[in-house]
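Student: Here are the chains, one letter per residue:
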Amino acid sequence: MSNLRINFSKWMKTHFCGEYECLRGRATPGDEDAFPGLRLKWEREMGTAGWIGIGWPTEYGGKGASLDEIVGFNEEYACHGGPGRAGHIGETLLAPTIIAFGTEQQKARYLPGIKAGTEFWCQGYSEPNAGSDLSNIKTKARLENNQWVISGQKIWTSLAMDSDYIFVLARADEGSKGRHGLVFLLVQLNQPGIKIRPIKQMSGTSEFNEVFFDEAVCSHDDIIGDVGDGWKIAMALLGFERGASTLGQQMTFADEFRQIVDLAKSNGSAKNPLIRQRIAKSYAGLKIMRFTALRTLEAAEKGETTKEGYISKIFWSSWHRDLGELAMDVMGNEAEILVNGEYSKLQKLFLFSRSDTIYGGTNQIQRNIIAERALEMPKEPRGGGTVREG
Amino acid sequence: MVYPFNSDHEMIREALSGFLQDWYENGKGPERIYKSGKAFDREAWSGFSHDLGMVGVAISEDFGGSGLGDLGRVVVMEELGSSLCAIPFLTTGGQVVDIISKIATKQFKKEYLPKIARGEIQGVFSSGHVGKEKKCINSPNADTADFILISRLNDKLIEVVFLDASAPGLKINSKKTMDPTRSFCDVDWSQVSDTDFLLIGTVELDFFEGIISQSQIALAAECIGGAQKCLDMTLEYASQRVQFGRSIASFQAIKHRCADMFVLIEAARSAVYAAAVATDSEKTEAVLIAKANATEAYFKVAGDAIQLHGGIGFTWEYPLHLFFKRARANRTMFGVLSEDYKLLADNIFGDKL
Ligand SMILES: Cc1cc2nc3c(=O)[nH]c(=O)nc-3n(C[C@H](O)[C@H](O)[C@H](O)COP(=O)(O)OP(=O)(O)OC[C@H]3O[C@@H](n4cnc5c(N)ncnc54)[C@H](O)[C@@H]3O)c2cc1C
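Just so you know, the sequences run in chain order U and X.
Just so you know, we're using the numbering used here here: the first sequence kicks off at 1 and counts up by one.
Just so you know, we're using the numbering used here here: the second sequence kicks off at 1 and counts up by one.
If you're looking for bench data, these hints aren't it; they were derived computationally from the structure.
The model shown is predicted, which means the values in this text are computed figures rather than measured ones.
Please note that a few of the clues may not be correct.
Capping the alpha-carbon separation at 27 Å, the derived lysine-lysine pairs in BS3-like fashion look like this [what the hints assert, rightly or not]: (1) K265(U) to K342(X); (2) K265(U) to K283(X); (3) K171(X) to K38(X); (4) K352(X) to K265(U); (5) K271(U) to K63(U); (6) K265(U) to K345(U); (7) K379(U) to K300(X); (8) K134(X) to K38(X); (9) K38(X) to K106(X); (10) K156(X) to K302(U); (11) K109(X) to K134(X); (12) K106(X) to K271(U); (13) K307(U) to K300(X); (14) K283(X) to K307(U).
Construct the entire structure; sequences and hints are all you get.
Tutor: Structural data, given as structure tokens:
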């Protein structure tokens, strides 16, 4: 076990307690409205102690942690029951993008807030007519008096209601099509030109939102890359999502699985041979996710490119959706009952897992990606659009 | 070199894949098998064992093998699986080697393991300690074996004995099988004189669980080799075949089915490699997961391959049916799928139904 992991484990023991106790295992997908204020405080707690951005280079305030150490860190966090991270979009998606493509000025301006756990980000990619076909975005940005002026609409924007900033993929060249003429902008949310409207999800919560831009502004410096680089930057950002966090996510899955096993024991469905078979199968899937992630990490460590990583998203999303269905079958008729009028953890799991196969590239898009990239089959015919990666 | 393999493994893979491809494509191996009606290709065996020295991949170096253990065997089985080469490696290079290595005297090992490694003799293991009768039903590859290792009950003890296949009174009845590339035989030693058996060692019942576990890894590796070949054949065919004025590989229904095949294979591959390198305490569980997933994946992928080939996939000429039949056979080879999941569930719940 790495020193970093040992230190972090000690820190979690002494800090993730007291008032934070109620956050244990909370704020998972479908539950992100749990204790909003306290979770922001928890982020600051982590930030102050230097546990945000451990993988960033030391010159930007990180610890330059290796992939192995980051994996260990994530596992440790999940082990201690740490709540869903309010700042993960900034920390794991935007920050690496700024470090790779941003100016020194942008690094100095934006990294410290992410690191301190005081500034939160959301992702403004999807639009009403640009989902899987992301390159169809219509939101416009024009440069005027040293400012970018933005008009249009984003949708399905996770956590926008709790965020301070949004990174926006917008069209700068009027009349441009597809991947061309796009810009990647860093925009403050709290301004007159921006309206946020929550969208209620089938889980009853409002994790995502519509974000309307009506002549919203940001400085001309707040563009990553140049005009026309937007697509490249947007895709690179999605690439940072892969890898290290998946093992931490699997710990959460393992917790959910355990809860279902315990329930099956206590309500007697563990005596049902079909349920037992499905639980065993689910367990095998959980292990296989881990084995596959380790294969990919081992290869990455040696600088090898391998193809099994392509199965990761569709495998976990389908597995998790099946787990939700299994949870309901283990609950039996009780699955119908809302105790105290609220969804229980397993009911939330069942409902929210329907989105796992949609966001971050739907299962159909994943199959396209596997067929075209891993198996080198012919590309989809398209009307000017481009298959979205994330 | 890709995890979990090292350069030794890669060397074997390279040597074998060339040899087997030649056997499979140019040598028309499968055709020879069903023409001869025998699930054993002596020529291939001699090349595999004598020329390439592959039988001893898991035999210790002290006894003329290459000492590459379960993982080395995974490489060999993957390659054999992709060619359906009809040779008895799984039995000789697998169970027989494992049993002798674990319980025989040094002297016995010295005498037999190097010969096995060189392919001069081959054997099978026929389990006889469960029933009362002195016979074993459905023992694979026994009809071409030079010797048979038999487990038998002697009071409360289980003995493993060695029997020369030419011993008077020994009956080996080879049965016709759906999968023509691996034979199944009934072995009957009830008429063999007691003096013809040579005691190799005495073991506990759970000894065989370990042996079967190792065979299950090998079998699972064969499955991913076979499944990969089915996918490769399908990709190749789909890129050539034109319908509605375009290659069928450009239809999304075909692409998505192929993507699903890829997911099944890679997931099973992760499980097989993990099982091969698992520590002792993790082994049992890892092997069950590997075996269940690999056998299931192979069967699904082989079936899908036939579907995506259309009519040609259904013909006797085209080799896909052989993979499909092998996949079917493997589903029930060392225990059935529902049993694997039952055992896993018993572990998870800490009880039995
Ligand atoms: C919970 C949740 C959180 C989200 N968070 C964010 C966020 O923070 N920021 C953000 O920008 N976006 C976010 N999204 C949006 C998400 O990325 C999109 O929903 C997703 O990309 C799919 O786009 P769409 O909803 O427009 O569906 P569509 O693209 O219209 O898809 C509809 C159906 O058509 C299928 N389909 C589409 N194209 C193809 C094709 N080429 N081949 C085969 N089938 C196809 C899809 O698989 C799907 O089944 C979130 C979504 C969800 C559900």
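Student: Compare the structure with each hint and give your call.
Tutor: Here is how each hint holds up against the structure:
1. K265(U) to K342(X): At roughly 15 Å apart (the allowed maximum being 27 Å), K342(X) and K265(U) satisfy the hint.
2. K265(U) to K283(X): OK: K265(U) and K283(X) at ~25 Å, within 27 Å.
3. K171(X) to K38(X): It holds: about 18 Å lies between the C-alpha atoms, which stays within 27 Å.
4. K352(X) to K265(U): 12 Å, holds
5. K271(U) to K63(U): Status violated; Cα separation ~50 Å.
6. K265(U) to K345(U): 17 Å, holds
7. K379(U) to K300(X): 25 Å, holds
8. K134(X) to K38(X): 26 Å, holds
9. K38(X) to K106(X): 35 Å, violated
10. K156(X) to K302(U): 52 Å, violated
11. K109(X) to K134(X): 26 Å, holds
12. K106(X) to K271(U): With a Cα-Cα distance of about 48 Å, the restraint between K106(X) and K271(U) is violated, given a limit of 27 Å.
13. K307(U) to K300(X): 21 Å, holds
14. K283(X) to K307(U): Distance ~26 Å between K283(X) and K307(U) Cα, so the pair holds.
In this structure, the earlier hints numbered 5, 9, 10 and 12 are contradicted, and the remaining ones agree with it.
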